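Participant: Spelled out from the first residue to the last, the chains are:
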Amino acid sequence: MFANGSISPSSLSVKDLLWQVQWSKEKCTLCGRCTAVCPVQAIELGVHRKRAVQIPSLANIGPATTSSNVYSVYHGIRQKTDPAYACVGCAMCNLVCPNGAIIPQKSDEIDKQRYHINRGGQPRTRGGRRNAPDVLNQGTLDRIKFTRISMLTDPALDAGRHEFELRTLLGRILPPEENLKLYREQGWIPPVREIYPLIIGSMSFGALSPNMWEGLQMGVAYLNEELGMPVRMCTGEGGCPPRLLRSRFLKYTILQIASGYFGWDEIIHALPEMKEDPCAIEIKYGQGAKPGDGGLLMWYKVNKLIAAIRGVPPGVSLPSPPTHQTKYSIEEAVAKMIQSMYMAWGFRVPVYPKISGTSTALAVLNNLTRNAYAAGLSICGEDGGTGAAYSVSMDNMGHPIASNIRDCYLNLVRLGKQNEIPIFAGGGAGKNGKLAANAAALIMLGASGVQTGKYLMQAAAGCVGSESDRCNICNIGQCPKGITSQDPRLYRRLDPEKVAERLVDVFLSFDVELRKIVAPLGRSTSLPIGMSDALAIDDYNSAQRLNINYVV
Amino acid sequence: MCRLFSMTSEEPQSPIVAINALDVMREGHDGSGVGLFLSDLGGTFEELKGAPILSGIFTNEGMKRLDQFMMNLGFMTKHKISIKTPKTPPPLTPKRDSYLIRAYEYPQSWEGLTQAEIELRLMQTRVQLRRMGEEHEDMIVYSFWPDVIMIKEIGDPLKVAEYLGLDHEELRARVILAQGRQNTNYAINLYACHPFFVQGIASMTNGENTAFVPIREFLQSRGFPGYMGYQSDSEVFTHIAHYTVNRLGLGIESYKHIITPLQDEDLMSHPDGEFLKQLKHTCRRLIIDGPNCVMGRLPDNSIFLVQDRKKLRPAVAGGKKGIFVFSSEMCGLDVAIPDRDKSKDFQPMHLDTVIIPSDRSEVRICSQMDPLALLH
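Chains as they are written, first to last, in my numbering: chain A, 1 to 552; chain B, 553 to 928.
Everything labelled a hint here was simulated from the structure, so no lab data went into it. There's no promise every hint is true.
[What the hints assert, rightly or not] Chain A is faced by these chain B residues, among others (derived, beta-carbon under 10 Å):
id, residue
1, 683
2, 762
3, 763
4, 764
5, 772
6, 773
7, 826
8, 830
9, 833
10, 840
11, 860
12, 861
13, 921
[Stated by the list, open to error] Quick list of in silico lysine-lysine cross-link-like pairs, BS3-like style, CA-CA up to 30 Å:
id, chain 1, residue 1, chain 2, residue 2
14, A, 417, B, 829
15, B, 863, B, 873
16, B, 862, A, 145
[As the list claims (entries may be wrong)] Covered stretches of chain A (in silico footprint by chain B; criterion: 3 or more residues with CB under 8 Å from a CB of chain B, positions within the stretch not fixed):
id, stretch
17, 29-39
18, 64-73
19, 173-186
20, 189-200
Just so you know, these numbers come straight off a predicted model, no measurement behind them. Ideal Cβ positions, reconstructed from N, Cα and C, are used throughout, including at glycine.
Looking at chain A on its own, in the form it has when it is part of the complex:
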């Protein structure tokens, strides 16, 4: 601290910060790339003064001898300690450093900066994830094992050689008697899509950069048209680029409508010019990362393009209301909204609601079973990610996905409607990198399919976020990888072609892993939805709660 410095309550030392930047003077070339790349300007050029004590030899000391201090200056890196500029640990400095001279390291104790990130009375907002690291393998989904292995009683299937049909249905399925009766009488049968059980979850155009979105779309198109995998991607609440709306690729897209209705002006106007129907319409009532709170696109990211697609003025923050303002009851208003959406596409497109994981999910589901049009229910658990949310929502709100899905599925079984309303699970699959195992567990607990977002940001685009509060700045548009930024200088770092390639890699390897799980269980002709006799967990209480086997 300088002599004229002062100490305020929020004066922090580097030690108080969560991430501490380690810099080696030895290795540094002073090229300046790290300070240029830092998304939060946590480091700056530091001019350091240094004293060297040079004591002359005794023989030379005389009356004229002056001070033995020699002052010199050297240049290097200084980390800012103002909480507004605290290092986020993204390690881009390390990525660009030609000599590996710099790296952020996590504090060895609980940081102090967390008590100060509320300047102006604004609690912390961030993007990313819940930052609840399950110690390796301790998450419920990770602990579920697949214990039914076909061997001698019956030949196991060969994941590489046998025929597999790992598809799921999205849409309202009628009971067989009713369906066949309507078929004979040429009555209206609700539209049903046969899709791949891993769906790219709702990440909006706006939350994601144009390059990221384009990359995902290209990957999806390739998976569908070249590899025959009917992979679908949900837009999130941010509308859809006009050219996509008018292209044949729309059929691979699930359009989301949420409380802000962003982008729906454009969509409605494109209706007469659509060549294909969208895959489905998702009505978002809640999301796992911020249950009870609406979507939030902060002004940093609302540039001209985003504003045009969403139908809003540029440069303003776009908070979606936490609730749909026109909705006051699920019985009437939600049913009406579902029907209106059906009507817009001539009753040819499935419409389903998405809610956050909640203890009230059963009530929602029970109501949907009585709504002849509801095409499914998507439930997003507490581990869902987001582009922007209040930390408190992300950290403390929500419901774990496993028991939520299980309760809902078993409830459908009791009602005899387990084949009629598909439940889709999101929020937490692949949290520790085990996407296929987590997805298979959710499916066998009763989900018809799994939605994933964060995993794809990491695997297909190299997101640096982790469960330890690293980076998490998706909200301010400074994404150092260009995934969630609207600044061309940042998002040009991301090559859409490469994103598409990686997406294809992810889906192909997921498919192999899923087959490696279901083949030994003796399943190949249909997705093992609700096949809970194959599941076990080494925790007694979890086993009881999920109604699966307990093994030790």
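Since the structure of chain A is already known, use the hints to place chain B on it.
Facilitator: Just chain B now, kept in the frame of chain A:
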């Protein structure tokens, strides 16, 4: 593994023919049990065609409760077969008080009921007896249906047949299903022993149904009291057949489209693709998985044979005019009908359903790729 044998013959046959066929296939099963289903009966029972026959195993106490129960409902005994067993049962076979095969006269109060109502009540009576029996462990009831006899017991099929005297002259049938081996995937239990029966439909399976739990959940939630039991994962095959025929009103050619539907590209080029796609979607929870060979009998006394989608279990169909057989192995067929034209033997593959109609005129083969008969 277990071994299956089904026969349909113009002349009533003794079940011993089927037992002998199981015996030559003994390398393929462990001889731990036997199950028999007889219909289109000969002998005295032929004259009692309409009268429901109760088959099961009873303790002396159970017999008393049965008589009281049936009397209360108004059922009168019309005819019965007495099975007299030697003092010592063969190894593994428990000593039982009574093996019951008894035909009843319908209660007077049932007169004027529709056929559907009678069929419902017969099934409900059987289920009720089964529940009563499970409570006190004094009755095991296999079937209660006109023109149907079922016998199941633990032990080596040949020895059990000798012990029970199954060459009994009154035990003659034109349709016989026989299975050798107790269920081993779950606890030993006679209710887990094939064939399974519900409302005139019987089936038995060689294989393992890995989709058992979701299918069981689906069937149990249909609100039909006959979809119960499930001591064996193979019981769902019988109930799916029942669901297909009785609840959906479809022919048995559609059965395979429900349990092992075609994949999408095949559906697209299928003449009935639109319908089959609906069927696949709406009956998705009835899709079976794992290696399976299913043989069954329908209420009109036709018999059918289907394979799983990968054809992982053996079966052959063959015979000559007036007598046809499905057998797990060729040697079973050889011992039953040695003088047939072997070049006409047929081994169904992953798309085939083999049906022998009740007139025993031909071996009808339906491929899933064929157009379906017109829907009514």
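Participant: Work down the list of hints and note, for each, if the structure agrees.
Facilitator: Against the structure, the hints:
no.	hint	result
1	683	21 Å, violated
2	762	3 Å, holds
3	763	7 Å, holds
4	764	7 Å, holds
5	772	8 Å, holds
6	773	3 Å, holds
7	826	8 Å, holds
8	830	5 Å, holds
9	833	5 Å, holds
10	840	7 Å, holds
11	860	8 Å, holds
12	861	5 Å, holds
13	921	15 Å, violated
14	A:417 - B:829	19 Å, holds
15	B:863 - B:873	27 Å, holds
16	B:862 - A:145	27 Å, holds
17	29-39	violated (count 0)
18	64-73	violated (count 0)
19	173-186	holds (count 9)
20	189-200	holds (count 3)
The structure is inconsistent with the numbered hints 1, 13, 17, 18, although it conforms to all the rest.
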